[in-house]
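For reference, the chains in residue letters:
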Amino acid sequence: MIRIFLFGLILLVSVEIFSANELHAVSVQKHQTEAVSHGGDINIFENPPSPYIVFPFIVLLLMIATGPLLYRHFWEHNYPKVAIFLGSITVIYYSFIRHDFISLTHTLEEYISFIALLTSLFVASGGILIRIDRKATPMINTTLLAFGGVISNLIGTTGASMLLIRPYIRINKERIKPYHIIFFIFIVSNIGGGLTPIGDPPLFLGFLKGIEFFWVIKHVWFIWLLAIAIILVIFYLFDMKNYKKALTTKTSYTGKIEFIGKRNFLFLAIIILSVFIDPAVLSWVPSLHPLPFGIREIIMFTVAFISYKSAKPEALKGNEFNFEPIKEVAFLFVGIFATMIPALQLVAYETHKYGERLTADLFYWGTGILSAILDNAPTYLNFLSAAMGKFGLSIDKFEHVKTFEAQDPIYLMAISVAAVFFGAMTYIGNGPNFMVKSISENSGIKLPSFFGYVAKYSFPILIPIFTLIWFLFFYGRG
Amino acid sequence: MSKIIDALDKKLNGLHYYNRIILPFKCHFLKIMIEEDIITNFSNSSPDLEIIEHENFTDLYFKKYKDLMEELSEYENVKMILCEKDADIFDLKSHVKIILYLEDDHIVRIEKPGENQILID
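Same order as they appear, the protein sequences are chains A and B.
So the first sequence is numbered by numbering that gives the first Met the number 0: it starts at 0 and just counts up by one.
So the second sequence is numbered by numbering that gives the first Met the number 0: it starts at 0 and just counts up by one.
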C-alpha cells in the first residue's frame, strides 16, 4: 500500500520538479505563442484537453460510488491501485502530450493542502474521547446534534463525526434505532459543515482555489440555519415518539461529561489557526516555492504526528482509532485530483459556449444530484468551473476566482449549499457517512441498505427541505 | 465443558490463523460484529461463518475474509454477543458480551468490553 502511495507521490513530485525547469522555458516562450496566456499556463478556452482524457475521472467516480456497495472486498484491497493507475494516465497525458506542467503543479499543491487538513483534523480528534453520563432525552439528543452541526465547521465533518458518534451511540444504547444514526449523518457528517471551508471538503477546495474563507458563512448562514432547524425539529419528533415507548429504564446517571485527551483540543486549535498561514491570505507568510507545500502544511502534518504520538492509549482504544478512513481518502483523492484536471477544464470550456442557458436552478440541482451519488468535492469543483466558464473565467486562476465570488454570489451560493447539503442524501455522498455507518454497524446497530436509506429517510425528509430551499433562495434567479 | 466465564476469569487466549478463530470455550452465538459486518446467521448454510464445535473449544471460519489479522488494524476488533450453553438464551441478562483482539503469534486476547466500548445487543 505504502509503496503504491509513494509511487504516486513520487510521480507527482517528479513532475513538480520537472515543471520548475519547464516554467522557465514557458516564461521565455510566453510572448511567442497565443496558446499561452498571461499567467504562463495553457489557455483552456483556446486549447481544451481531449474529451477522451476525462474517461479515467468518470471510471474512478463510478468505482468510488459502486465499490463499497457491490464489490466491497475487491474494492477494499484494490482501491489504491485503481486510484493511482487512473491518476497516472492523466499525469502522463499532461506531462508528455499536453506539456501542461502548471496544471499538475497546482493540483499537487492543492492535494497536499487538502490532505494535510483532513489528516490533521482526523488524527487530533481521534485522540479525544468524550464520556457523557446523562440520560438520552430527546432534548439532549437534539442538543448534541445541534452542537455537532456547529463544531463540524471548526473541526470538519470528519472530525466532528469521529468525536461525537461514539458518545452519541453510548448514551442512546438502551433505545438506539437506525434513525438516530441517519440524523447524525444528515447534520453532523454533512449539512452542519456548510458554513466554513474547514467544515466540508468541497468548501475547502473552493478556499484553495481562492474563495475567501468567510465568504460561505456570510452568504449562506440563513440557508444553513433554516435547514438545520427543520431537520432538528423532525428529529425531535421522531425521538420523542421513541423515547415515550422506552421509558422503562431504571439506570441512574451522574450527569457528568468527561473528556479524555483534552490536550488534543489545543492541537485542533493550532490546526484551525494554521489554515490562515498562507501567503495568499497573510502577506508576511513566506512561500516555500518551488516546494509543493507551505508552512501551513508542515504545521498540520507536524501537529498530526505529535498528537498521535502523545495521544492517550485509552482514548485511541475507546475510539477504536485506525488510519484506514484517512488512508482511503489519501489514495482516492490522489486519483480524483489528478483525473479531475481535464474534467474541470473541459467543463469550463463547454459552459463558456452555452453559458446563457445555465441558471442558478440548474447549478443547485445539478450540483446536488451529482453530490448525492458521486463524491461531493469533485462535483463542487466541476460545477464551480462550469459557473465560472459561463463568464469566461477559469477556475485555475486565482484572480478569476476573486472576480467571480465578488460579482455573482448566487451561483456560488447554489453550488456551495447543494454540494454540502446533498452529500447527506446517500452513504456515498460524503466521506464521513461511510465512517459513521461502519462505526455504528461495528457496534451492533443494523442500518438500512443503500436504497433503504434513500427511500425511507433522504427522499421523505431531505428532498422536501432541499426543494423549499431552492424555491426560497434560488428559483428563477441567475 | 469449557465455559465463557471460565475463559474470561482465567484470561485464556484464543488462536487465529488466517480466517480461522479458535475460541477456548463452547457457547451459543447470538451476534458477531466484524468491521461493518453484523453476522446473525449461524446456520450451516451461513454465507458469512462456519462454526465447528469440538470437545473443549470452538472453531470459527469467517468465509468472507482471507486473513483477519491483515484486515483488522491495531485498535479494531471482533465483537461477540454470546450465551453459555447451559444458560437461558431467552433471558437477556444471560447474554455475554466479549471483544476479541487479534495479536501477534496467533494469539486472540479475549476481554469483556470496557466502559468506552459499545456493543448493542
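These are calculated hints, taken from the structure and not from any lab test.
Every value quoted in this text rests on a predicted model; they were computed, and no experiment measured them.
A portion of the hints provided could be inaccurate.
Calculated lysine-lysine pairs in the DSSO-like style (CA-CA distance at most 27 angstroms, straight line) [to be verified]:
(1) B:92 - A:311
(2) A:172 - B:92
(3) B:96 - A:316
(4) A:445 - B:30
(5) A:445 - B:96
(6) B:63 - A:311
(7) A:316 - B:63
(8) A:134 - A:243
Violated constraints from the hint list, given by number and in increasing order: When the structure is compared with the hints, numbers 1, 6 turn out to be violated.
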